[in-house]
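Could you build the full structure based on these sequences and the hints that come with them?
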Amino acid sequence: MEGLKDTRGQIIITMALMISILLAGLSYVYSQNLLAGTETSITQLNFPKNEIRDLRRIAIEELTDYASEPSSFLDRAKELDRQITTLYALHGAYASIDVFDIKKSVVGGQETITSFMIRIVFSNTEVEYEETVLVQLT
Amino acid sequence: MTLEGVIAAVLILSVAYFLFQSTMIISPVSDEVVYVQMRQYGQDALTILNNESGAEDTLQYVLKRINSTYVPDKLLSSLEKLLPDYTDFNLQVYYVNLTTNKIEVYNITNRIPTSTTVTASTYLVIRNGAFVDDSPFKLNSSGIEGPNNNVPILLEVRLTLWRV
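Order-wise, the sequence lines are chains E and A. Using this note's numbering, read the first sequence as starting at 567 and increasing by one per residue. Using this note's numbering, read the second sequence as starting at 669 and increasing by one per residue.
These aren't lab readings, by the way, just hints derived from the structure by calculation. We put the beta carbon where it would ideally sit given N, CA and C, even for glycine.
Within a straight-line C-alpha distance of at most 27 Å, the following computed DSSO-like cross-link-like pairs (lysine-lysine) qualify:
(1) E:Lys644 x E:Lys670
(2) E:Lys644 x A:Lys806
(3) A:Lys749 x E:Lys615
(4) A:Lys732 x E:Lys644
Okay, the calculated beta carbon distance ranges per label pair:
(5) A:Ser745 x E:Lys669: 44 to 52 Å
(6) A:Ser783 x E:Lys669: 52 to 60 Å
(7) E:Asn599 x A:Lys770: 40 to 48 Å
(8) E:Asn599 x A:Ala798: 46 to 54 Å
(9) E:Thr691 x A:Ile716: 23 to 31 Å
(10) E:Thr680 x A:Ser783: 50 to 58 Å
(11) A:Arg779 x E:Ile668: 43 to 51 Å
(12) A:Ala677 x E:Glu692: 47 to 55 Å
(13) A:Glu748 x E:Lys615: 23 to 31 Å
(14) E:Thr691 x A:Thr715: 18 to 26 Å
One-sided and incomplete, this derived list gives chain A residues near chain E with beta-carbon spacing under 7 Å:
(15) Leu679
(16) Ile680
(17) Leu687
(18) Val704
(19) Gln711
(20) Val764
(21) Tyr791
(22) Val793
(23) Pro820
(24) Leu822
Right under this line is the structure:
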């Protein structure tokens with residue numbers, strides 16, 4: 567005790583305080599890093615990118631196949647819409663495809679669909695997506 | 669040993685102790701990142717296999733032919749190749765039974781998962797007439813062949829993944 571002056575003792579205490587503040591600061595940065603990583607992962611897991619992509623593909627590409635039979639086209643679209651709504655509800659989402667404004671032309675006594683509009687709706691707790699597409703067939 | 673030294677040591681140790689005890693440090697760590705990656709693998713595999721090429725390992729080919737006896741070996745082996753070695757999977761098909769209006773599940777594989785799984789899904793539309801006669805997805809309600817053949821049937825193929 568005799569060899570140690572008061573000032574040196576104060577330096578030890580001050581250094582300890584600085585190390586403590588440094589530790590706390592580092593752990594804060596570290597935990598923020600973890601939280602950011604976790605948040606990003608959860609967002610990526612929940613974001614319905616593929617669900618919306620599949621919905622658009624069904625509405626625009628797959629449904630177009632049925633346009634070659636104009637008399638039953640609307641029924642087929644409604645049938646598909648009903649199944650889409652039911653199956654998407656399994657994932658806690660609302661989805662629908664709504665066909666309207668079907669334009670037809672009669673060539674040589676044969677009725678064909680020339681274009682139609684589709685409203686695509688997807689909604690869950692995080693994302694609201696709505697799009698209206700004009701599908702031109704000829 | 670000095671009094672200041674002891675106080676300094678106690679200060680640093682107590683700060684370190686409280687930090688490691690705090691909820692700040694014990695937050696859910698890196699598991700989610702692995703699940704994101706697994707789900708992405710699953711989604712990619714399904715996207716690759718969901719095509720109209722007519723190859724025997726595509727979802728379209730398999731789902732049109734599936735019945736109680738058909739085993740989609742090629743699809744399952746392609747899935748095993750596409751997914752990383754540390755995962756196992758179940759493949760299920762969800763569909764709306766148009767006769768009863770209820771959601772039904774057809775299990776292509778029936779393995780036992782662990783408690784933590786992730787799922788990836790893809791959707792495809794197949795005409796009723798394209799299914800084999802004893803297909804679980806086929807709509808046979810009215811008995812009239814013609815109109816029923818063109819009814820679109822929506823199938824959700826769900827891939828459940830877990831680490832082994």
